[in-house]
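Going line by line, the protein sequences match chains A and B. With the first letter of the first sequence counted as 1, position 84 gets the number 84 in my numbering; the numbers rise by one all the way through. With the first letter of the second sequence counted as 1, position 152 gets the number 152 in my numbering; the numbers rise by one all the way through.
Since the hints were derived computationally from the structure, they do not count as laboratory data. Some hints could be false.
Simulated restraints on C-beta separations [stated by the list, open to error]:
(1) B/P22 - A/G144: 41 to 47 Å
(2) B/D123 - A/V140: 47 to 53 Å
(3) A/G170 - B/E23: 25 to 31 Å
(4) A/E199 - B/R69: 45 to 51 Å
(5) A/R49 - B/R6: 41 to 47 Å
Positions of the beta carbon are idealized from the N, C-alpha and C atoms, including for glycine.
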Amino acid sequence: MTAPLRCTSEPVSWLRLERYHLGELDGELRGVIAAHLAVCPACAACLRRIEEDDGAALPPLTRPAASPSPGSQARVVKLRLARFAPAVGALAVAAAAMLGIGRSWRRGSVDPGAPGIKGGDVSVSLVREDGIPVSDGAAVFRDGERFKVTVTCPPSMHAGFDVVVFDSGGASFPLAPTTSLACGNKVGLGGAFRLTGAEPERVCVVWDESGAPDRARVQRGEPEDRAMRCVDLRPAP
Amino acid sequence: MEAYRRYGPALIRKASRMLGNPEDARDIVQALFTDLFQDEHAILDLPYLYRAVTNRCLTFMRDEKNRARLLAENAEDALAPPARTLSDERAVSTDLVVKLVRELDDGHCEVLAYRFLDDMTQDEIAELLGLSRKTIGKRLDRIREAVAALMAPAAGAPS
Chain A
1 MTAPLRCTSE PVSWLRLERY HLGELDGELR GVIAAHLAVC PACAACLRRI
51 EEDDGAALPP LTRPAASPSP GSQARVVKLR LARFAPAVGA LAVAAAAMLG
101 IGRSWRRGSV DPGAPGIKGG DVSVSLVRED GIPVSDGAAV FRDGERFKVT
151 VTCPPSMHAG FDVVVFDSGG ASFPLAPTTS LACGNKVGLG GAFRLTGAEP
201 ERVCVVWDES GAPDRARVQR GEPEDRAMRC VDLRPAP
Chain B
1 MEAYRRYGPA LIRKASRMLG NPEDARDIVQ ALFTDLFQDE HAILDLPYLY
51 RAVTNRCLTF MRDEKNRARL LAENAEDALA PPARTLSDER AVSTDLVVKL
101 VRELDDGHCE VLAYRFLDDM TQDEIAELLG LSRKTIGKRL DRIREAVAAL
151 MAPAAGAPS
């Protein structure tokens with residue numbers, strides 16, 4: 001095996017090489033990289049690898065079946081943190097706007113029945129103080145009402161879970177995080193919390209298979225693959 | 001999907017560097033874009049997608065079955081990317097990354113991938129993650145400690 005070429009100074013990162021190849025870099029940075037590539041055989045070789053590989057066929061991409069209309073299926077809508085990519089302040093404003101009154105935001109729905117464990121899926125239910133789960137179509141709360149959260153997840157899954165509530169004030173964490181939940185059907189997360197006030201709330205459960213979810217990252221809304229399920233609640237009229 | 005055609009090859013190359021094989025890389029990128037079909041608000045620029053693929057690869061590495069297979073496949077480092085850097089810093093190959101994902105949290109693992117597999121500078125990582133250079137530096141210090149701890153037993157082992 002031949003020894004790898006060494007860069008003449010600081011290597012151009014693969015991301016920058018890809019963006020250079022795609023013509024996405026601005027003039028100044030593009031010029032700096034072009035100058036470096038002219039004198040660095042190692043980085044020039046990496047760019048050639050990109051160019052040579054670019055013709056490789058992509059795997060086919062199929063559009064998933066359209067989602068059923070709200071209420072036709074008892075399942076919590078999966079939302080990604082990417083939706084909350086802006087800073088928390090902007091997030092709070094956006095969340096308040098979206099939770100407002102029937103905008104185009106995909107509303108979280110709540111499983112009123114017994115969803116069971118389905119193919120690696122995770123679902124979340126909010127349960128009122130009287131033991132009645134929040135049902136789809138009646139996702140409202142009274143000022144000061146208490147809730148518990150139950151999670152249905154595959155028994156083979158081991159993850160840390162946390163509850164986060166988003167509203168116009170930002171993100172808050174009403175319960176202690178669960179570092180390792182014994183998954184199953186409708187497993188309760190420890191503790192209960194109250195929702196107060198008269199504005200919409202989004203209650204989300206986040207989890208991380210490596211342990212308790214990193215709250216700082218959740219607050220920052222960093223886009224990533226971390227899973228999250230949410231339920232939207234409106235104040236009772 | 002235009003973004004898939006435009007960025008798919010770059011993302012598969014990126015995932016291949018992390019996982020050491022193009023088959024898993026294609027699966028991960030394909031799954032990412034299938035999910036993005038359902039999110040009409042998704043941001044589809046390359047830096048964002050790069051992060052998404054990075055995190056999916058890390059999640060993939062944490063799975064027990066995948067982990068065992070990746071360690072076996074990359075045991076001899078045959079597919080390790082060439083180290084371009086002039087520095088004396090230890091090269092971190094795929095098998096080492098697979099081991100380190102158990103030792104480090106998400107934030108550190110992401111920095112690990114960008115610095116050692118993607119050859120990003122601290123400034124570039126800081127910009128991509130929206131964090132300070134100082135924070136990235138601290139995370140790199142922790143990563144180097146973890147690498148050293150993992151390599152320490154091997155150093156004393158018979159060759």
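Verification of the hints:
Separated by about 55 Å at the C-beta atoms, B/P22 and A/G144 break the suggested range of 41 to 47 Å. Range check, B/D123 to A/V140: Cβ separation about 48 Å, and the 47 to 53 Å hint holds. Take A/G170 and B/E23: their Cβ atoms lie about 42 Å apart, and the range 25 to 31 Å is violated. For the hinted restraint 45 to 51 Å between A/E199 and B/R69, the CB-CB distance of approximately 49 Å keeps it satisfied.
Look at A/R49 against B/R6: about 18 Å separates their beta carbons, and that is not inside 41 to 47 Å.
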